[in-house]
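Line by line, the protein sequences are chains S and Z.
Under our numbering, read the first sequence as residues 712 to 955, first letter to last.
Under our numbering, read the second sequence as residues 1112 to 1355, first letter to last.
Derived from the structure by calculation, the hints contain no laboratory data.
For each residue, glycine too, the CB sits at the ideal point set by N, CA and C.
Among the hints, erroneous ones may be present.
Which residues of chain Z face chain S? A few of them, derived with a C-beta cut under 8 Å, are [as the list claims (entries may be wrong)]:
hint: 1; residue: L1168
hint: 2; residue: Q1178
hint: 3; residue: R1183
hint: 4; residue: I1186
hint: 5; residue: L1189
hint: 6; residue: A1210
hint: 7; residue: G1231
hint: 8; residue: Q1233
hint: 9; residue: E1249
hint: 10; residue: A1271
hint: 11; residue: Q1291
hint: 12; residue: G1309
hint: 13; residue: V1311
hint: 14; residue: V1314
hint: 15; residue: G1316
hint: 16; residue: V1342
Not close to chain Z: a few residues of chain S, all C-beta gaps over 12 Å, as computed [stated by the list, open to error]:
hint: 17; residue: T841
hint: 18; residue: P843
hint: 19; residue: D867
hint: 20; residue: R870
hint: 21; residue: T882
hint: 22; residue: T894
hint: 23; residue: F895
hint: 24; residue: E896
hint: 25; residue: T911
hint: 26; residue: A918
hint: 27; residue: Y924
hint: 28; residue: L926
hint: 29; residue: A927
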Amino acid sequence: MTSPATPQGSATPVAPVPGARARPASRLAVAVVAAILGVLAIGQLRGQAGVPGLSALSSTELTQLIANLNAGNDRLRDEASDLARQEQKLKDAHDRGQTTVGELGSDLSRIRAWAGLTPVTGQGISILITGPIGGDGVEDLLNELRNAGAEAIAVDGVRVVTGTVVAGAPTALSVENHPIAATFEIRAIGSPQILTGTLTRTGGVIAQVTTTYDLAQITVTPIDSMTLPATERDLTLTDATPKL
Amino acid sequence: MSVVVARVRALPSVQVTLAIALLVLGFLVAAQIAGEGPRIRYSTEERSPLIETALNLQSQQESLKGQIVAARGRIGDLEAQDPGAAESLRRLYAELEAARLSAGLVAVTGKGIAFRLEDGTQGVDALVSARDVRTLVEELWLAGAQAIAVNGERVVASTAVLDIGGSILVNSAYVSPPYQVTAIGPADLYDRLRASVGFVQFVQGRVEPAGLRLSVAQLDSVDIPAFAGSVNLRNAAPVESVTP
Chain S
712 MTSPATPQGS ATPVAPVPGA RARPASRLAV AVVAAILGVL AIGQLRGQAG VPGLSALSST
772 ELTQLIANLN AGNDRLRDEA SDLARQEQKL KDAHDRGQTT VGELGSDLSR IRAWAGLTPV
832 TGQGISILIT GPIGGDGVED LLNELRNAGA EAIAVDGVRV VTGTVVAGAP TALSVENHPI
892 AATFEIRAIG SPQILTGTLT RTGGVIAQVT TTYDLAQITV TPIDSMTLPA TERDLTLTDA
952 TPKL
Chain Z
1112 MSVVVARVRA LPSVQVTLAI ALLVLGFLVA AQIAGEGPRI RYSTEERSPL IETALNLQSQ
1172 QESLKGQIVA ARGRIGDLEA QDPGAAESLR RLYAELEAAR LSAGLVAVTG KGIAFRLEDG
1232 TQGVDALVSA RDVRTLVEEL WLAGAQAIAV NGERVVASTA VLDIGGSILV NSAYVSPPYQ
1292 VTAIGPADLY DRLRASVGFV QFVQGRVEPA GLRLSVAQLD SVDIPAFAGS VNLRNAAPVE
1352 SVTP
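Next up, chain Z with everything else stripped away, as it sits in the complex:
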């Protein structure tokens, strides 16, 4: 040991510096290559303004969603403080709260599971696609899930999950891998899921052959955010019930 130390000490400092620098260089090159993964990285100049625009729009989207959730909260508070105290009014307010809950407009919590779906290591098939995320979501619904979110985006009746290149849009929000699908449901939600033929086919026919990484955690408490998108009807009108 002391011989090695003596030899190192005998080396000119410039050689030691060079050796260390080359070591770090090798590490960085390896990290750069490993970081490429199966997703291609483009680096042309004209893309910078596009990325900047996309980032600005994402930032605007976050801000608008925050405004919508806050406004819905304030409206709920105002409705709860209605000066009318009639029983019919209280019933109407209770119905409204129940409808908001059913529609996914209220953040909820409960027992559930969280899946993490990640790209595999080789080939285009090793990228997680919108179809993969949708399949997982559909299987969770069929197993009895009552509320689901993908990377924090609440899945509701109007939710579309789309491919954009190798990434995904959920509720028009850009979400990047790894994809986290969280669900609240009955205590045996995961057992039901594992017993589902569709889920087994998804794992054996898609996840395993493509080398995708699917991990799951059963949790005592899962928080699912409220849907922060539009519930406006432009073309559809409610059909009023006919009272006898």
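Extracted from the complex, chain S is given alone in its bound form:
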């Protein structure tokens, strides 16, 4: 036990002096406050470190995020493997002193097709839209198609590329300065099963869009083979230069 907090060797009580020993109650109070302080300080530091935003997600949302990250990483791994093979082919050709014109040609063909600079063909889906829908509703559908892995998209026969926006009020839609008819079709190349499933799932994008635009009717049909045109948009960058 500690002794009372009075100066030793004094017969009469005096005013407390700096450095005097505290009473147990005071020390206990300081200890409790210091403990709370420590817990809060650690909590604050942990909260600010490392995982900005993730702490705001529920378990369901984290699971959804993990599924998205897994799918995205699988695509990135495929891309990295393809690039490694391509690089090896080029190295082998160099070692043998051969030209790589074939590799260049196929690389060019793939990138131009992906960017929308050449027509493409393949399986996919048709989305027929009748009734009034705004540009934001169409953009929601396009966003979901991209999320579901669509490799090429066209709206009313106009190829969707980087910078393409479907804009306007219902019945006054346009894409790339091309007015869109009252009934029009979005075509997308990709896995018909995945594209259809993603769009039409309960509570999915079609359900959401038709809640906002309740007079619009949206029908999805798988298609075995279709051809989408190249863009007419000039994708040459005039205001941006490659960063060396």
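Chain Z: place on chain S using the hints.
Leaving out everything else, chain Z in the frame of chain S:
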């Protein structure tokens, strides 16, 4: 002044310590509450492994993207060193470089603007959503932007912007608030944007009522990174041009 100092000196040290500790405690509690904002923080035990998994996947994603960008750079170098010196080959290589630039596979720099979009202070509507980010991106395209990135993720033809809880995925990458949308475009890009009915509607109809914070800076130099995702076509095939 000297009276106050004398009184403070007269206080027992334990009281001074307690006072300071309580002051810091009050500050930390206030900081903790202020830090909550409109985004909910969950703290159940089972979420820790999920957060750890998400962080690991994000880390893998960063690594894969780095590998892809590096491999594309090496492939470009190898293609540029092709032993064939024919004019047709040089033209093919120039076409390939132009296609990569148009497709967003090359980092670019130029004059532009940077927007910062932040949550408001109250209610679910005060959270920045994927739709908000998409609207801003669409308005920038319509105003003439040539390259755009959201929190360092290049926006290309295949980019989807999705809500995950109160946060956002861009190109399958998790990005947390505040959201920074950077764009390269013509010198009058911001003037064009401000003159756009769609942008004015976005500011007056969404940003202001929800209390979102939207700030902008016009910059002489904006760097936009290359798209580091997949450009593989699994379902689409280029339609070869028919030569007469």
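Okay, the hints, checked on the actual structure:
1. L1168: At about 4 Å, which falls below the 8 Å cut-off, the nearest Cβ of chain S leaves the hint on L1168(Z) intact, so it holds.
2. Q1178: Constraint on Q1178(Z) satisfied, holds at 5 Å.
3. R1183: This hint holds: R1183(Z) lies near chain S, its Cβ roughly 7 Å from the closest one there, short of 8 Å.
4. I1186: holds (5 Å)
5. L1189: Result: holds, 4 Å to nearest chain S Cβ.
6. A1210: With Cβ-Cβ at 5 Å, under 8 Å, it holds.
7. G1231: The hint is violated - G1231(Z) has no Cβ within 8 Å of chain S, the shortest such distance being about 15 Å.
8. Q1233: violated (16 Å)
9. E1249: Hint holds; E1249(Z) Cβ to chain S Cβ min 5 Å, cut 8 Å.
10. A1271: Given a least distance of 4 Å, the restraint on A1271(Z) holds.
11. Q1291: Hint violated; Q1291(Z) Cβ to chain S Cβ min 14 Å, cut 8 Å.
12. G1309: holds (7 Å)
13. V1311: violated (14 Å)
14. V1314: violated (15 Å)
15. G1316: With a closest approach of 12 Å, the G1316(Z) hint is violated.
16. V1342: holds (4 Å)
17. T841: holds (24 Å)
18. P843: Answer for P843(S): holds, closest chain Z Cβ roughly 18 Å.
19. D867: Holds, because the least Cβ-Cβ distance between D867(S) and chain Z comes to about 17 Å, which exceeds 12 Å.
20. R870: violated (9 Å)
21. T882: holds (17 Å)
22. T894: Per Cβ check, T894(S) is outside 12 Å of chain Z; nearest 23 Å; holds.
23. F895: holds (19 Å)
24. E896: Given that every Cβ of chain Z is farther than 12 Å from that of E896(S), nearest at about 17 Å, it holds.
25. T911: The claim stands: T911(S) keeps its Cβ more than 12 Å from every Cβ of chain Z (closest is about 17 Å).
26. A918: holds (15 Å)
27. Y924: holds (15 Å)
28. L926: holds (21 Å)
29. A927: It holds; A927(S) is separated from chain Z by about 18 Å at its closest Cβ, greater than 12 Å.
Violated hints, in rising order: 7, 8, 11, 13, 14, 15 and 20; the structure is consistent with all others.
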